[in-house]
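Engineer: Chains A and B, in that order, give the protein sequences. The opening residue of the first sequence carries number 3 in the numbering used here; numbering runs sequentially from there. The opening residue of the second sequence carries number 64 in the numbering used here; numbering runs sequentially from there.
Just so you know, these hints were derived from the structure itself, not from any lab. Possibly wrong hints are sitting among the right ones.
Unchecked claim - Derived contacts from chain A toward chain B, CB cut-off under 10 Å, selection only:
1. Tyr8
2. Arg17
3. Asn36
4. Leu38
5. Arg53
6. Gln55
What the hints assert, rightly or not - Computed, partial: chain B to chain A, Cβ under 8 Å:
7. Ile407
8. His427
9. His429
10. Ala433
11. Asp444
12. Val461
13. Phe462
Unchecked claim - Computed far set for chain B versus chain A, every beta-carbon distance over 10 Å:
14. Ala68
15. Arg367
16. Gly463
Ideal Cβ positions, reconstructed from N, Cα and C, are used throughout, including at glycine.
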Amino acid sequence: MSDDLYQALIVLHDRAPRHHGPLAGATHVATIDNPLCGDEITVRVILDGDRVQTIAFEGHGCALSRAAASMMSERAVGATTAELTALAARFAQFVQAPPDATEAPDAASDAALGDLVAFRGVRRARSRRTCATLPFRALLAALAR
Amino acid sequence: MDLTARRRAFPALDQRAHGQRLAYLDAAATSLQPRVVIDAVVDAALHAAGNPGRGVHLLAEAASVALDDARHEVARFLGADADEVVFTSGTTASINLVADAWGRANLGPGDAVIATELEHHSNLVPWQRLCAERGAELRIAPVDEDGRIDLAALDALLDSKVKLVAVAHVSNVLGTIAPVAAIAARAHAVGARVLVDGAQAVAHLEIDVRALGCDFYAFSGHKLYGPPGTGVLWARRAILDAMPPWQVGGGMVARVDRAHARYREPPYRFEAGTPNTTGLIGLGAAIRFVRSLDRAAVAADEARVHAAIARAVQAADGTILGRPEVGVVSFALGRVHPHDVATIADQAGVALRSGHHCAEPIHHRHGVDASTRASIGCYSDDDDVAQLARALARVREVFG
Ligand SMILES: Cc1ncc(COP(=O)(O)O)c(C=O)c1O
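Chain B on its own, in the form it takes in the complex (with noise of 0.2 Å):
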């Protein structure tokens, strides 16, 4: 599929936004999706219409296989076994699901957590919250100026009190990659888990958890042309296999009598309650949809259209944040605030996210509270760019 059949198999952007085309630049905040998608989940509800794993009869057992087959998918996308995947609701979930469940079992007075500068705050209230329980201490690792991680810094935090490092793998502020490889080296030195905020990589590059060497990895569905309210969140078996559950209920129990109840083998003693099975029915043809890609020509096309923003971004006099390398570029606009860039590019078809994108301390790090973001999919073409353009120039004229 090239650039022109991709954007024809993504039918939003058949719609017109304040009667323009629509410029859809905020993937990073949830991406759209492909038909095959919508067709994945309007098909699930009707033939897949039970409850999965809990029922003997036609519709349950539908529901069973294609769940199944949706964790196959996804255990191939992440390089894993199928048996180490744990559906969740999203990203923060899973990472909630970690805090709760591997954080209470594994962190004392004490102990320590790392977590970047530049994390979302999906990957730094959970560890707030946990290490005040616990007693523990969170620490902060550094980032440059351009949005990369200080590895010497982060070298001087790591010691042996440090249990865990969480690192998002792609900044949604800076799109900067962290160099998950070689943190998760040092972290293993000293005996801590790393666990990596997959949400902002999963659509951009390709993942092989074992080549990351980390121990965690979460992302959402709605950020890989999936539904909303789906997620993932791979661990190694063996720490799965010593974690207690995070929610108790059904689904998740082997046997249970009036005062105890014994709990399944992982995956499955992760995922208590019926889960959202369409919408994960969904992410499975979400992730058949990106790997039927040739993902060597999207990176292609995706690497000329981000340059091709930041480059419209300087010609409108914006300063860019940090040294993006895949996926958004946030920028300030001289002093016009953020939302009124959104506002009126918005009205100009061109849909931009405008905030601290739930990453306010990395905002704070380049001396501003809000930015202004466009992030691509591999939908994103030229002409998005030429309108995005456009837009500034016309928030340049209202704004003087």
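Next comes chain A alone, as it looks inside the complex (with noise of 0.2 Å):
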């Protein structure tokens, strides 16, 4: 039911989101909107180099977005751009695949999405996913500027 989409893992990075707030001296920023409802995340990035030293996001969104921007957010500190690209990638295909695919295309990348997985039940919700990919795609935008 519910609980397949709404993990527990997701409840609690809704409730308690890490690194959620303003980002003073960032070197990155993007603002995107999610067109299903209006809400709208702005990532903030400090890179060092080619690595994201700290990264912060802000706005108001859904559970979904909000939970998948915590855990993105966990997961860019100390990584490069390249590899962060890559996440987003795999997080875009993870949570296109079809909703009935018990075993994953590919386990390695599935590993590699770590706490990312508990968003498979998006997959069985179409609508929802442009609410889950959201912070990534601001976080995309935000290192292409």
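Reassemble the complex: the two chains are provided individually, in unrelated frames, and hints are given to aid placement.
Structural biologist: If you want it as structure tokens, here you go:
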């Protein structure tokens, strides 16, 4: 049932998101909105060379987008832009997989997703995919600046 | 037909939703279609299969006759004449038609249009664009906390510069009914026309365009138990007569030579191209269905279910936006995001709408970006409300 989508881990991150709030001295910033609802998210990053030193997100969003932003931010700290670009692509692929794919199309890449596999339920809720992938799109947009 | 019989008339209600009974509480987005409409569309595809108004053979003739019958059906429904009924693809198209055809001919620099604060984007954005193009001013008439249009504030906005007042008959967010006759009297006193967006009204209220005193009335078939992609623009005959066409092309011209075209009389002047014949015939069937109902009985059932929804929302500690009168109840459930409410409700078989419902300004007026909305039709019953109440309790459980 709904628990499938709203896994405890997602609810936890929604309630107490990591890296949520303002960030002074950001080197990279992007704000994008979710056309489904007008929700928006701003991602701010401080890059040290090619590596994310600090990240923070702000905005208003549903539980899925907040939890995704929170988990993404945890992963982003210390990662290179290339690693994050790959992670974003892997996550987008993961949520777009057919809902009944019991075994992941590529188990190795599922492992690389870590906690983000909690979003498996989004496969069943096509209209909510954009909520889960929104933070990654904002991050990529910020890094592209 | 009592409520049980009405529910039986809608085959879509027989399906399961995620293994649960389907509680369809999203009629304001689009209503379900009764069997008679589905059958009429299928029958039209078989027997009214020609191109209406463009042929003498059997199937073309059948299409012409059926479309003409549908037009008369709409006219009776609105208390209007058939030659004042323009077929469109929906409310959005009807309003754009007025903005493009009537607006460009009647609005100039220094003129003004008034729209209310609670309008759907389709009754706001066309006026924003038109005013920007024509160097005219768009004025926004405020509504009070309950969602009622502030007539004193409207009076203050009305002067001889105002050429049009655009207002929703029923708000798709707040469910409030606009005092159209009072607004029309005020607008006419300064020489302005009145356009009424009837999208959310037609399924719930008896419509008489002459008693309302408006000049334009727009609605969509898919919110009146008809097929999507169908709509109506009604306008007074004298206004249509004086109006230039919107889109131009086949079907709307009387004579064409290499350089010029002479346009047909209304309503055909405003119907360029082959229409959505099957859909519009379905719309005629939908209106026949509505007219066959005991509307007082439907209104009584809807009022009971509507009030029960409001109580269920309050029992779940929800905050209702405005003071809804008909059709919809929009609400916030603590800090839980509307999309999360609607997704959890969906898992419980309850279809709700979440988001800004294409009406951002009125949400901001109430200090929120989005809301969850339950909306009803002639098939909504107490079991739907009980199922909604259980779904809202489940939302509380998940988000503690
Ligand atoms: C009040 C109101 N106006 C206009 C519309 C637009 O209708 P449609 O999308 O059928 O053109 C809607 C429906 O969403 C509505 O609720």
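Engineer: For each hint, tell me whether it holds in the structure or not.
Structural biologist: Verification of the supplied hints:
no.: 1; hint: Tyr8; in the structure: holds (5 Å)
no.: 2; hint: Arg17; in the structure: holds (8 Å)
no.: 3; hint: Asn36; in the structure: holds (9 Å)
no.: 4; hint: Leu38; in the structure: holds (6 Å)
no.: 5; hint: Arg53; in the structure: violated (32 Å)
no.: 6; hint: Gln55; in the structure: violated (30 Å)
no.: 7; hint: Ile407; in the structure: holds (5 Å)
no.: 8; hint: His427; in the structure: violated (10 Å)
no.: 9; hint: His429; in the structure: violated (14 Å)
no.: 10; hint: Ala433; in the structure: holds (5 Å)
no.: 11; hint: Asp444; in the structure: violated (24 Å)
no.: 12; hint: Val461; in the structure: holds (5 Å)
no.: 13; hint: Phe462; in the structure: holds (7 Å)
no.: 14; hint: Ala68; in the structure: holds (33 Å)
no.: 15; hint: Arg367; in the structure: holds (29 Å)
no.: 16; hint: Gly463; in the structure: violated (8 Å)
Checked against the numbered hints above, the structure violates hints 5, 6, 8, 9, 11, 16; every other hint is satisfied.
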